[in-house]
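Enquirer: Construct the entire structure; sequences and hints are all you get.
Residue numbers (UniProt numbering), protein chains in the order written: chain F, 1 to 458; chain U, 1 to 458; chain R, 1 to 458; chain Y, 1 to 458.
These aren't lab readings, by the way, just hints derived from the structure by calculation. Take these hints with a grain of salt, some might be off.
Any copy, or any two copies together, can satisfy a pair, since identical chains are not distinguished.
Heads up, simulated SDA-like pairs for lysine to any residue below, C-alpha to C-alpha not over 20 Å straight-line [as the list claims (entries may be wrong)]:
no., residue 1, residue 2
1, K434, I235
2, K346, R375
3, K41, N274
4, K172, A183
5, K177, P225
6, K160, D185
7, K292, L210
8, K205, E131
There are 4 protein chains.
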Amino acid sequence: MKLTIIGGGGVRTPLMVNGLIRWHERVNVDRLVLFDTDPEKLSVIGNLVSHLVQKKGSPFQVEVATDLTEAVQDADFIYTAIRVGGDVSRVVDEKIPLKYGVLGQETTGPGGFAMALRTIPVMLEYAKIIEEVNPDAWVVNFTNPSGLITEALQKYTNIKIVGICDAPSSMKLEIAKFLNEPADDVHINYFGLNHLGWINRIMVKGEDRLPEMIDRYDAFSQGFPHMSSFPKTFIQQLHMLPNEYLYYYYFREEAVQNIRQSSRTRGEQIVELNRSLLSQVEDCVQKGQLQKALDIYEKMMSERTRSYMSNETGGAKGDQSVTFESEGYEGLAMSIIESILHNRRKTLILNVPNQGVLSSLKEDDVVEVTCLLDRHGPVPLAVGHIPDRVQGLIHSVKEYERLTVSAAVSGNYEQALLALTVHPLVCSYSLAKKILDDYLIEHRAFLPQFKKGSGIHA
Amino acid sequence: MKLTIIGGGGVRTPLMVNGLIRWHERVNVDRLVLFDTDPEKLSVIGNLVSHLVQKKGSPFQVEVATDLTEAVQDADFIYTAIRVGGDVSRVVDEKIPLKYGVLGQETTGPGGFAMALRTIPVMLEYAKIIEEVNPDAWVVNFTNPSGLITEALQKYTNIKIVGICDAPSSMKLEIAKFLNEPADDVHINYFGLNHLGWINRIMVKGEDRLPEMIDRYDAFSQGFPHMSSFPKTFIQQLHMLPNEYLYYYYFREEAVQNIRQSSRTRGEQIVELNRSLLSQVEDCVQKGQLQKALDIYEKMMSERTRSYMSNETGGAKGDQSVTFESEGYEGLAMSIIESILHNRRKTLILNVPNQGVLSSLKEDDVVEVTCLLDRHGPVPLAVGHIPDRVQGLIHSVKEYERLTVSAAVSGNYEQALLALTVHPLVCSYSLAKKILDDYLIEHRAFLPQFKKGSGIHA
Amino acid sequence: MKLTIIGGGGVRTPLMVNGLIRWHERVNVDRLVLFDTDPEKLSVIGNLVSHLVQKKGSPFQVEVATDLTEAVQDADFIYTAIRVGGDVSRVVDEKIPLKYGVLGQETTGPGGFAMALRTIPVMLEYAKIIEEVNPDAWVVNFTNPSGLITEALQKYTNIKIVGICDAPSSMKLEIAKFLNEPADDVHINYFGLNHLGWINRIMVKGEDRLPEMIDRYDAFSQGFPHMSSFPKTFIQQLHMLPNEYLYYYYFREEAVQNIRQSSRTRGEQIVELNRSLLSQVEDCVQKGQLQKALDIYEKMMSERTRSYMSNETGGAKGDQSVTFESEGYEGLAMSIIESILHNRRKTLILNVPNQGVLSSLKEDDVVEVTCLLDRHGPVPLAVGHIPDRVQGLIHSVKEYERLTVSAAVSGNYEQALLALTVHPLVCSYSLAKKILDDYLIEHRAFLPQFKKGSGIHA
Amino acid sequence: MKLTIIGGGGVRTPLMVNGLIRWHERVNVDRLVLFDTDPEKLSVIGNLVSHLVQKKGSPFQVEVATDLTEAVQDADFIYTAIRVGGDVSRVVDEKIPLKYGVLGQETTGPGGFAMALRTIPVMLEYAKIIEEVNPDAWVVNFTNPSGLITEALQKYTNIKIVGICDAPSSMKLEIAKFLNEPADDVHINYFGLNHLGWINRIMVKGEDRLPEMIDRYDAFSQGFPHMSSFPKTFIQQLHMLPNEYLYYYYFREEAVQNIRQSSRTRGEQIVELNRSLLSQVEDCVQKGQLQKALDIYEKMMSERTRSYMSNETGGAKGDQSVTFESEGYEGLAMSIIESILHNRRKTLILNVPNQGVLSSLKEDDVVEVTCLLDRHGPVPLAVGHIPDRVQGLIHSVKEYERLTVSAAVSGNYEQALLALTVHPLVCSYSLAKKILDDYLIEHRAFLPQFKKGSGIHA
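Expert: Laid out in structure tokens, this is it:
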């Protein structure tokens, strides 16, 4: 079994590898290949990972690669986790909309839009190579904004792909924990789009426990900081549990205000954290102090999410650390491989083509819903009637996504402008134009598709 | 033929009566009854109107009434044009959202919401009387916000009702004028909701002239100031002609900025204008100087719209005056009576139950579409596929309308809060709560239905 | 104003011309051109028509033509009423299905299917010429099966076309007569497909008179023999008025039995009647006895429909004669020209693209619904929710139509077989195969498109 | 774990018990209760079953019961397999439509309709008791017509219910066998209604093997006699695999002809077979020769399906025997218990509320689709777009089902008549009336709900 990580030089790779080691009995990897376009980062992270694997008794072989064709050849699974333009671009993504009073965030709103414009062409280029060299491989996409990237890969290529996001899966785990039930005994009816989903039924042994969750919401959110930004009165009124990212919609102006009041955006923090992390780790690696490098890595990563969302939701509400023991993305990633590889049927919340379960959307629109996953790949489960109160948001954001994917491929300025205009957090042609024009200037190095015909000067 | 105007003491009544006189050959009214709950205004306006009718040779009889049952008895047509809470409430409607950076406008956004909460219970009370006393009468609703009021009357009563708004009809007239074609020879494909509609085809002799209109947009908008706030590049990209009120959506933050930069909101201007108008006219009436009263009225009304929208769209763009010669509401009102009374088939843009023409909405949702109107009342015409790019707005605003009507009737705080939350110009629970709570305090005298169970203090 | 009749040599042409004369004040035709591919019939009918027009004071000029390009050049309106394969083919159309116990009828079921296969390629050839030579002309299609032909012309050409059938219009006229109201004061909610429609509301002055019609159904159907084959108990249960052709569905086995019990099918009668008519008329024409020819024509046509439907609905129920005074097709045809030419807005039941009014069908499926007709051409009116009890029939027949049109163009045997299989009156692959194979042999001269790849021998 | 079989005196009960014994390691039943209203049959079958269980080492306890409340109390699972009116009624069900040239078959068409009218009131009575006494029990419905019974129980009660039919599951098993793949490795996209379903994708390791199945159809159907009645050319054209019961639709007149040519209907055969079986078994039981009774039972049941469908599909095509080793219903029944009881996730084809996966049907219409089944009960999987060619049949049959359930409950004659009228195999009001009237006379003892207000004499 061969697993390839595209973007293997990323700082989260050691966490992923740690997951591979922990899950090794259930998901038996033989060869792990790390591919990256940045040889320097690849070398540092590669060394770190090799040491980690060796330390744990070398359950599998680790290789690094800078040739994609070779890297994906014969792979059974391919993870993709790239960041076009690097952390520095994220800072730009976030700062520009904030200038105009609009949410500046990595994946939601204009930030995710800019990221998608940069990332989709690169991901499509990679996918074409996979399609040619190894069409049977399963691609598990972690690259953000996950829904948009998955939509692009689904519509423009024939690779086998599952798009993932850990937020809904974490919700499910936390709900099960709170209800004191095994996660497998909890069936949640989750529907929507990536970072725009809701839970309107929580079935445990044939009984809907959502009303109880709402009654005991304060206790629940105390233990699950990601949800603590929603007050109980709001949840009672909504009568659903929203994905944490819906904070940016339902508390739109507060989110902007909180971020503005922070000294730095999350992106700026990350730039600094990663810079510091990489330089320290690299230093150790060069000195051959691999264990020390690993200790530093582990310590710095665990401190990292202490501040997660605290500057966006306006307070020291978050207090979750990412450790080598936590699940999150890594657990979800392993779970997917296990289901497909060993036909272990699971119900996971994934990004997949709609195929009719959200009846007002198109058959091939990518949605985020509870799916059955097994050897045959993911199939969405029926979600029933979608409440009228969220239809507007779903329609607007899905149209934003369709147009964004289209614009990212075509480099058509008008389409890009329309995409931002219909996004509910922009909801304005004039705002969209200002933000888009700023992005086209700032990110011009990463948006070659917009070179000609751009309407910036119009 | 008897026509009753509910809200007959309003300042626009003489304009309407002038329309009746001008159209007298085509729409032969015998008795005109002005009903109002404010005896003072009713007396002033009643005197003015009587003088006007007498001067024109008394084509019909004029009466005033303060008893609604009597007023509507035997009426063939009933116009409704009331303003619960008066002009002063409008100022409140507009100022509160502006405080939070959200559009403050008479009908669109939170302003229209507050107006609807005050007005729907009163309109329903009136409609119940009409339903009992004179169920065969046709009610032509001018009361704003027209779409919401029509939705409430349609869903909660069995009266025969047509909701009207002059904006789309004016668009059609201006388009015909610009294309140099008789209005009757131009068929526009108009669809959406009140103050949220688009034109995506302009058929003249079997040919779609929309592309030409877009090419020549600058010339068109020069002659039609209501549209001049949309730049040509925007129209080219949208590839539809939007209702002028869509300025508040597509240029959301500019609209707010323009209004904030004005020394006074439109509502404040109107309060002052109407106060001055009424006091001068009343003065003359009391002195028996009826012709002078009429002259003052005519002069002051014609100056009025010189400033229309200029403070909202950010400049002295508007320069249209309302005169005794203009059509607008009055022409549309006459046109409706003529169609129904004399079976003169016309295609008019009206607010009516959907009946399947906007396939993603419900059968009984009130929509604003081109209708066939004749003796049998209005029937919507097919509009074809609604472009994806506007589905999100339509869904959001329609759900806002459904919830607002429901909340206005029930006095349910949570429903009202949800209504504002899903409105695209609010798009935030936290904003919605601030605005709603302010309204409930400021308008408490006019919102008795919210007395108990209000969540203000929650 | 020039009007061209394609298929001008048909026996009904003089009736049509008589309509033109009677309506001359309202629809001012200058030139009438009769085009036909059969020079003999064209000469006989041409002479008859010329005499008729001359006798009435020559209100317009009559020409005959055998060159289509010339005939359609400069025409404002083009009627199409052709019969590929002639009356004799109709006999085959009807007899083959009867052999297998399936309805054998001119337009409904396999008979209409065979007719469509022969006719669509010829009509498309004609339409292509019109498209090139005179794209602005309005084509009014009378050629049967009208719904299928209109669907084919709509989908494969860009001509301006209205498909008509007199059955629903006759229903409306009879209903109005029965209710003692001017036809214009009756608005019927008619929906479905050609020869497969229902009326579920009859609005007169805002009141639904359908319940009354159902209560008094026996009296109604006594005066309107086309409906007399439906017993009152059936109508009560259906709670709608069905198009007369629905007799073939709702009384399926009785219709087949009645036809089988007749000594001859309707088609055989027509062959004989037309043969006799033409020979007698031709005889007179050759002798120059034009008035005598006209007298014979008039007498024989008026006797004709005495037997209409009597052999299909099982009794001497029908007793309507077609005279020079009756309206039917001719009145409807004139009405359409008048609406378009003089912008006289009417509500007519026409075959037009759906455009969303039957929400479960596709946008471009041709449906038969009440339309607004004026200078801009027809636009369907909203019909509201379609009752569940007829959804199955509508879906099956529409899919039959889509596949039939496709097969008529492609000559694909499998598609043709599938078309007949899904027709509710066949509802069997094995039956469909037998019937289709017989048709392909019997009609081989008129179905060149099926020459190769036919699965007959499979 | 307690399992109750309602209708435990039926001849298939020993087969089911044998399944319980074979699956005992996977589904550990402690108590088995057989309930029946016929004490005689219950005694015979009860003795047979007791002997069988004892012989296999008494893995669980067997009881018989004639009090339903007691029988269902504390049960974890309840099977229902009743036949109101007994085998003799089935003969009537089948013979009446055949008289009129319409399919006479146990579950499809008028036969299933009559069975539903008799059975639904009894099943609802039972379900109400379960709802009150033991609402947590899972009811697995085998009672035919399974789709209609499940629809009735879903709409009129709140019990937990899964409706099953072994036909689609058998298809899946046969397909897997033919493709030489483990059944679990084959994912079929099955959609439709009970006895009206299609397979349009057969996924094996991410590849669609349907095209291959169609190419090799003759070999497939040779090994699976249920499908052998469909010729390959038909399957090629349909490009889907139909449920075997679709033979009655796609080969409508051949099915009727075959049955008519048989000396006896399937129902008549069954009456005789069961009579003989029961009398021989009873004889042995009374003499205490239990092993002999079991031997006779086993021999006679295994011979039984030798003739299955042979008289309906017109030939000795079927040659499958039901033995104690075969799976069919019994395997499916065990599979369902195992999934729910031990949370063993499976994809099974079940009858469940639609919940949006067939987008043109209603949310609560019962459909037959591939579901995920686990502890949480069944959830339909997305099936994607339903081909247009089958929409008509699905709409017609579903409406027939809705009306039949309604009529069975209300005893409304008109509703019952309408139900039969819309069924595609009747497709005629006149035929429906004759068939219904005959049923109401013949089955009057079992249709008390139709006693008054019946329109028979109308």
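Enquirer: Against this structure, judge whether each hint is valid.
Expert: Results for each hint:
1. K434 / I235: between (35 Å within a copy, 17 Å between copies)
2. K346 / R375: both (10 Å within a copy, 12 Å between copies)
3. K41 / N274: Within. Shortest intra-copy distance 11 Å satisfies the 20 Å Cα cut-off; inter-copy 72 Å does not.
4. K172 / A183: Intra 7 Å, inter 30 Å, cutoff 20 Å: intra-copy only.
5. K177 / P225: within (14 Å within a copy, 51 Å between copies)
6. K160 / D185: Only across copies: K160 and D185 sit 17 Å apart there, 29 Å inside one copy, limit 20 Å.
7. K292 / L210: For K292 and L210, neither the intra-copy (47 Å) nor the inter-copy (57 Å) Cα distance is at most 20 Å.
8. K205 / E131: between (42 Å within a copy, 17 Å between copies)
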